[in-house]
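Going line by line, the protein sequences match chains V and G.
Heads up, the first sequence is in the numbering used here, so the first residue is 502 and it goes up one at a time.
Heads up, the second sequence is in the numbering used here, so the first residue is 502 and it goes up one at a time.
What the hints contain is simulated information worked out from the structure, not anything from laboratory work.
Be aware that one or more of the hints could be misleading.
[What the hints assert, rightly or not] Computed Cβ-Cβ distance ranges for the label pairs, DEER-style: (1) V/S713 / G/D585: 52 to 60 angstroms; (2) G/N624 / V/G653: 17 to 25 angstroms; (3) G/I625 / V/Q535: 39 to 47 angstroms.
Since we're looking at a predicted model, the values are computed, not measured.
Ideal placement from N, C-alpha and C gives every residue a C-beta, glycine not left out.
Protein chains: 2
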Amino acid sequence: MKVIGIDLGGTWIKMGVVTESGIQSKKIFKTNLQEGINSVINRIVYAILEIKSSSKEDWIIGLGSPGTINRKEGKIIFSPNFEDWINVPICSIIEKYTHCPVFIENDAKASAYGEKKFGAGRNIDTFFLLTLGTGVGGGAVINGEVLIGGTGYGGELGHICVFPDGLPCGCGSKGCLEAYVSKSGIINHAETYREIYPDSLVFGNNGSSPISIKNVFSLDEKNEKLSRIIVSKVIEALGIGIGSLVNIFNPEKVILSGGISLSIQKFIPSIVKIANNHTMKSMKNTFEIVTSILQEDAGILGAGSKAMEQFLLLE
Amino acid sequence: MKVIGIDLGGTWIKMGVVTESGIQSKKIFKTNLQEGINSVINRIVYAILEIKSSSKEDWIIGLGSPGTINRKEGKIIFSPNFEDWINVPICSIIEKYTHCPVFIENDAKASAYGEKKFGAGRNIDTFFLLTLGTGVGGGAVINGEVLIGGTGYGGELGHICVFPDGLPCGCGSKGCLEAYVSKSGIINHAETYREIYPDSLVFGNNGSSPISIKNVFSLDEKNEKLSRIIVSKVIEALGIGIGSLVNIFNPEKVILSGGISLSIQKFIPSIVKIANNHTMKSMKNTFEIVTSILQEDAGILGAGSKAMEQFLLLE
């Protein structure tokens, strides 16, 4: 029995052959969401068939998908950053063309699962993970179990409210952690300042370049005014959100993952400080915030090993 | 084997004999915190001895206590509304004088347990309870289990941040749900307006009456300006907080309990509306908010039945 773990992201699709000791081989390609649902799923199918052709053993697939998913029906219900992907029966489509059983999990929860088995969550029972990418995913692990909530749609830590009168969020709410800390949130946030700071280098040399997250953080290092405003809000939102989540989960560790987690590493002491200001006396300084070492691999590993467990349960 | 359940509140101590079918008899008396720790515990001991004298069977005691508790050591670690109660070994003191085993649980978590076994949480797996009393306690039940977090200090739903630049909270943080929605929060909130509205009837006829929660809500019904500001904030804070918590727990029900839950019953539709505005699309309108029917009895029932389970585990 061989296992493929897939991390379906807003920008990249990452897949790998997952074994008990880690990822054996990896394949990464652009998601190109603008090409439409069928095209994206087609490319996933082809990549699976290619990997599958390397061995005649039976294969099973674990798919980590953003947004709200239905595990039983193998569907993507809705994702803030995947417009039009409403009730997509992605598992049965992939099964049809690859003849492999496919198990779906929310991407951030798959990553939390990966961190628990292979990463910063090993040997600890209670932690939570925030994946800071196109959106902000959440994966809370309580006594070794990943929190999915009542009907499986919960555990959306990226959508707790940090600024009640804040920016609209792709999830349909406003002022969420995601609205300030994610790639899409940072871009939206910058756009709200375009009229006030039209000449800011955040908008490129002539004001017409697409906003790049990397650029925002590198401008912040040079104390550029608008980037300072945006990055300060990233730090503040994370501090407030983590503080509230510590009061709920009383975790040993908070793991930050995703592209933006690498850009904010130097701000971790500030985030810890703000988080402690929003934490009850009895839980102040009881947690540490760490950057994931596994990063993108956690999603692949988690989706794969979760699929293996699910498959064995069915046997 | 007979069981006494105790709910140690900031204002009242409530205890009862708990059986499988509910509470058999009840005893309620003032906490009188100002008399000091020893006096409060003494009165609990005497009340237990009085109840105990009614039967020669063995008795066990379940104590629901506010704040952060240590279940193993039987201690109250810290409570925002019980000043000076730091590391109080309350279980061993009560055991010493009553010769009954005593099990401690956080009061709101005991209430959640009571609601699960006897109240609005019966037959549902995932819900959360907010106890709106002197403070705001939280009890989240996930797949039938009460959330206590990593080292048992978590599940403090009343201390998620709803207004990041908001009022200080007794817990050492600021802008918490408790800072706006609890009895102590409402009083503090009103005090911040004393200079602006010195003649408000919230402060009594001559500005020197103690602020009463009942009075604030009854003035609000008459559209009195300051009470309107305060009550609006109660509703808004609850809506925002519940919205965030729904994104995390994806519950079937949200149960409100405690004195203030009765004063705000007519506002539940407004709270639901605000909560839905702060909830992800996929979870909007998936939950209902109900007022506890058990009210204070939930804490007694929960503390008692939890103690019984703990005792049987030790056997």
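>> I want to verify a distance hint. Is the separation of the beta carbons of G/I625 and V/Q535 within 39 to 47 angstroms?
In response: holds, 42 angstroms
>> For the hint 17 to 25 angstroms, verify it against the beta carbon of G/N624 and that of V/G653.
In response: Once the Cβ atoms are compared, 19 angstroms apart, the range 17 to 25 angstroms for V/G653 and G/N624 holds.
> Falls inside 52 to 60 angstroms, the C-beta gap from V/S713 to G/D585?
Replying inline: Hint holds: Cβ distance 54 angstroms, inside 52 to 60 angstroms.
Every hint, counting from the list given before, is met by this structure.
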